[in-house]
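Just so you know, the sequences run in chain order A and B.
Residue numbering for the first sequence is 1 to 335, as defined by full-length UniProt numbering.
Residue numbering for the second sequence is 1 to 378, as defined by full-length UniProt numbering.
Worth flagging that the hints you see were computed from the coordinates, not collected in a lab.
Keep in mind that this is a model prediction, so the values were computed, not measured.
It cannot be assumed that every hint is accurate.
[What the hints assert, rightly or not] Sample of chain B residues with no beta-carbon within 12 Å of chain A, all distances over it, derived:
#, residue
1, 17
2, 31
3, 42
4, 58
5, 77
6, 111
7, 129
8, 149
9, 188
10, 266
11, 271
12, 283
13, 332
14, 341
15, 347
[Claimed, not checked] Covered stretches of chain A, going by a simulated chain B footprint (3 or more residues, C-beta under 8 Å):
#, stretch
16, 59-71
17, 321-332
Cβ atoms here follow ideal geometry from the backbone N, Cα and C, with glycine treated the same way.
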Amino acid sequence: MSAEERSARQVLPGSVSFRPESVNGHHRNGVNGHVNGKADGVPPAPLHQGVADGPGDVWDARVAAALAFLRRRLSGQYEVDDFGFDPELTDGVFHPILKLLYRDWFRTEVSGVENVPESGGALLVGNHSGTFAWDALMLTVAVRDETPAQRHLRLLGADLVFRVPVVSELARKSGVTVACNPDAERLMSTGELVGVFPEGFKGIGKHYSQRYKLQRFGRGGFVSAALRTGTPIVPVAIVGAEETYPLLADIKPLARLLGVPFFPVTPQFPLLGPLGLVPLPSKWLIRFCPPIPTAHLTDAADDPMVVYNLADQVRETIQATLHDLLKDRPDPFGL
Amino acid sequence: MVTAPLPGAAVTSASPVTPPRVVVVTGVSRFLGARVAARLVADPRVERVVGLDPHEPSARLAGLLDGVEHIRADARHAVRAIGELGAEAVVHLAVNGAPDPQHGGRAAMKEQNVIGTMQLLAACQGAPRLRKLVLRSSTAAYGASFRDPAVFTEETEPRAVPRGPFARDILDIEGYVRGFRRRRPDVAATVLRFAPMISATADTTLTRYLALPFVPTVIGRDARLQFVHVDDALEILHRSVVEDHPGTFNVAGAGVLSLSQVIRRAGRISVPVLEPALSAAVSMARNVGVGQFGLDQIDLFVHGRVVDTSRLVKEFGFTPRSTAEALDDFVAGFPDGAALTADRLEAAERAVLDRIRQVRAAGAAALRAAESRAGAGQ
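Could you build all of it, start to finish, from the sequences and the hints given here?
Here is the structure:
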C-alpha cells in the first residue's frame, strides 16, 4: 500500500479523532503526497473497493490536489522554460480540455506511433488544413497521449499567432514558439520533439474542393533546420481536419481590413455567429510515417538541391499516406 | 579591504594578463558606477581609479567613493582626463536607462547616452596607453518584434528599430563601439548586454515598478523575463576590467520567469490594462514629469526578452545566479506591501481543507447517530 493510500485512509473522517494538530499533520502529508506523486489519475480502484466509504477519498484527494495546484499557480511556484512553455499548465488544464475534443468529438485514431522517437530530437512535419489550426493541437494530444514516451510536442507557429494578445500567451505556455530557424534549431539540438506545418496559411485557408491536396512547402526552411542539427524528419498525415470547417469562400477585402491571411466563409461561419466556431464532428485519423534520417546530410544544409529534394520526399510521403488514410475512411463523419 | 585573490584569479593565471593600473570610470554618481569604482579601489592590482561624472553622488553613495578621484566633468572633458592621466582602461557606465526629470529629462538622457558616448570614444581613440574599454549595454539592443526568436544570441540582429528611447540609444552606442573597434583593434573592447538588474537593495525603474502594491500589466501579454543580480553584474564588470575578455556578451541569470510569475512571487496583484491605454498613460505621466516608466518597459512587457548566456559562462568561467534566485533576493528585501504571499496562500489552502474535513466529519457523525437511532427504533 502506497504512502498516498495510507494518508488518504488517515484523513477518513471516521478513523481520526479530531484534534487540530493531528488534522494539520495529516493534511500536510496528503498534500505533499499529491505534489510528489501526481495524485490526479492515481487514486486507484483498489482503494475504492478496499475502504468502505471510498468515493469520499477520491474526492478528498482531488480537492486537495486542485487546491495545491491553485496555490502553486497563485504564488508563482512553477517553472517555465526559455520558450515560455509551462508543462504544469499544459498537462493540468490545456490537455484535459483538448482531449475531450480529441476523443469524444473527433474520435481520433492514431497509427504508426512506433515511428515517433522515444528520445532525442525529431521534426514532425504534417499537413495543415481546416481553417483553424485544430490539427496542430490534436497532433499535440496524439503525441502526448498515444505515443509510448508521452512526449510534449513543441509546435512552430506563424508570427500572426504571436501578434494577437491572449492567443500569443496561450500558445507560448502550451509550448509553441515562432517558426524561425534559430528557435527550431535550438529546440531540436536540445532534443525536443518539434512539430511544423510547412504549408502554413496556404494549407488552412484553401478551398474545400482542394481538400487533402498538399499545398506548396514554402522555402523548405524546416528541412535545412533539421539538416543542420542532424534531426530525423517524421512525416505525419492528418485526415479529418479538412471537414471541421469546410471553407467555401474567402472574403479577401475583409481579410485585408482585419490584417489576417484570409476571412473564411464556412457552412457554420459567419452564418451561425459564435456557434459557427464549433467544428463539425468529422472522423480523424493520424498516421506517423517512418522517420527520414538526416544525420548523414549535415554538411548539405545549405545545398538548395538537397533541401528541395528532401522537402519533396516529405511532401510525397504525406500525400501518399493521406490517400491511404482516406481509403480507410469512406465517410468523413462516420465512426 | 579585499586582499585575498579574487575569484577570477584562477582564470587569469592561465593567460597572464596584467590588470590596468589606471582606470577611468564614468557615471560614478550613480549606483552601479559607484559600486564598480569602489570594487576597483579595493583591488590592490589597480593603482588609481578616476571617476568621471558631471553630477555629485548622493549621500548614500558618497561613502563608497573613498579613494576614487572624482573629476566633476562630462564626457566633453574626457579627452583631457583620459589622455593626461594615462588611463589604461575605461569603464563606460554613464548609460541611463530612463530619463531623470531632475537632470533634464529625455533630452539630457540622449545627450549623455549618445553624444556622451561619442565623445568618450573619440577621447579613447586618441589615448595611446589605452588597452581596455568596457561598455555597459543592455539586452534592449535586440529590440522588440513579434518575429523575434525566443532566445537571443549575441549575433541576433534587431528586426526593426525599437520605439523605446533607451533601446534606440543602446543601438546608437553599440554602433559607435563597432566603429571604435575597427579604428583601435589593439584595444580590448568588452560590451556587456545586461538583463534588467535586481537585488534586495537596488533601486531601478523595474524594482520601483515591482514594489507597487497593484502592478499594471498589459492585457493578454505575459512576457518572459530574465534578471541579473546586481552582485553578479558587478563581478562580471570587475573581471572585464582586470582580465581580458574582448567581445560582446549577454549577462543574465539562467532560466526564465513570466511577468505574471514575477508579480505573484513578489506577492503583488497585477492590474491588466489595454496596451494603448497603458502607452497613453505612460506618455501623459512622462509629459507632466512623473514616473520613469516608458515605452521601453511596455515593449519589454509585451514582447519579453530572453538571452543565451552560454558565451559569457564559457569566457568568464562564471555563472550568474539564476533569474529565480535573483528575484528571490529582491522579494526578500521587500517584505512589506505584499498582499498575496506564498505563506498566506498556504494558510488559506489549509483552512479550506480543514473546513471541508470538519464539515464531513460532522456530517458522518450525524449520519452515524441517525443510523444508530434508526437501529434502536427497530
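Any hints from earlier that this structure breaks? Give me their numbers in increasing order, please. Hints 8, 10, 14, 15, 17 not satisfied by this model.
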